[in-house]
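Chains as they are written, first to last, in the working numbering: chain S, 1 to 199; chain W, 200 to 365.
No false leads were mixed into what you were given.
Every beta carbon over 12 Å from chain W, so not counted as near; a handful from chain S, in silico:
1) Gln4
2) Asp5
3) Asp15
4) Asn18
5) Pro25
6) Ser66
7) Asp159
8) Glu162
9) Asp166
10) Leu169
11) Asn176
12) Tyr188
13) His190
Quick list of in silico lysine-lysine cross-link-like pairs, BS3-like style, CA-CA up to 30 Å:
14) W/Lys282 x S/Lys109
15) S/Lys71 x W/Lys288
16) W/Lys290 x S/Lys71
17) S/Lys112 x W/Lys282
18) W/Lys288 x W/Lys207
For the record, the hints were derived by calculation from the structure and aren't laboratory data.
A virtual CB, placed ideally from N, CA and C, is assigned to each residue, including glycine.
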Amino acid sequence: MTKQDLIDFETRIADYFNTGKIQAPVHLYYGNEDEIIQIFKTVRPQDWVFCSWRSHYQCLLKGVPSEEVEKEILEGRSISLCFPEYKIYSSAIVGGVLSIAVGTAMSVKRNKEDSFVYCFLGDMTSETGIAHESIKYSTQHNLPIRFIIEDNCKSVCTDTREVWNDNRLTYEGFNNDIIYYYKYDTKYPHAGAGMRVQF
Amino acid sequence: MEYLAQDKRTVFLGQAVAVAGTGMSNTLKDISKNKLIELPVAEEMQMGMSLGMALNGKIPISVYPRWNFLLCAVSQLVNHVDKVPLMSKYKANVIIRTSIGSERPLHPQCQHIGDFTDAFRMMCKTIEIIRLDEPEDIFPAYEKALLRDDNRSTILVEWGDYYNEK
Chain S
1 MTKQDLIDFE TRIADYFNTG KIQAPVHLYY GNEDEIIQIF KTVRPQDWVF CSWRSHYQCL
61 LKGVPSEEVE KEILEGRSIS LCFPEYKIYS SAIVGGVLSI AVGTAMSVKR NKEDSFVYCF
121 LGDMTSETGI AHESIKYSTQ HNLPIRFIIE DNCKSVCTDT REVWNDNRLT YEGFNNDIIY
181 YYKYDTKYPH AGAGMRVQF
Chain W
200 MEYLAQDKRT VFLGQAVAVA GTGMSNTLKD ISKNKLIELP VAEEMQMGMS LGMALNGKIP
260 ISVYPRWNFL LCAVSQLVNH VDKVPLMSKY KANVIIRTSI GSERPLHPQC QHIGDFTDAF
320 RMMCKTIEII RLDEPEDIFP AYEKALLRDD NRSTILVEWG DYYNEK
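Could you put the whole structure together from the sequences, leaning on the hints where they help?
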């Protein structure tokens, strides 16, 4: 799956959405292809991936056939894509996957499994209480998990830094065993593909 | 609890599961320590961790000593544990243990004695909520929760006062 493959996939989904072929919300990626491809170079089939409502790239890079991902999106499940056979779990609730990922990582550790957990979250989520708890617990218990914070500088239409009155996010710039932070600019809105549909 | 602990898939987690502290702690004192995961007070995280372990094949018994404390985990309970069977093909069995707080010999007042059984039955679409009104209800209910293969989780509601009275 190349950078262009990812962009082409989201472009196709955007077209479906803007022409009314998807009767459900979608959240599209753009501008982070190099970063996320690099992250997935270490992700193995036995590893777990937890995502937010924006997860098309993760599903594709984890190995779910694009036709299968597209089918689920067309059926309205873009914001909570789950593929147990590929160990992918996504949720449309802010912060929802974080503690679930922690539990899976704890289970992996207790079972001494050769597996690792990757948990993706956005900039606003990274400032929540559940993020603090989940990251702290995982760090202090040395769990096999890494949190990937993807900062697109927005939460729906809200500026994360402005509403927290803080120019620097808590984990901004982090790159260690437990947290990887990166920032990107996207051409897509929080939801949809440019044709505004309020929901 | 000893019956549940015999199943290699089970693990008990929550505050005061590995140490003393609540009426439920006494019911776990004979369980092997490696089955007990003492957690910080972080109800929402605890519920998420319970589900995360269940996704990987464990059967967590997630302990919330009072309904009022379980309220702090409602998002994970209603949006995730309850919805996993509806939004995915994941299999997950979470056993949630709570109680209607005891009123005797000390009355802890209104923040500790809530019974939200009926409200949660209305809020949940897949989780089965069983209130254990009599001692003879307890074992069959836990046995059902452990062995069920219908991809539903279970909340078992105990009565705090009955630990001493029944």
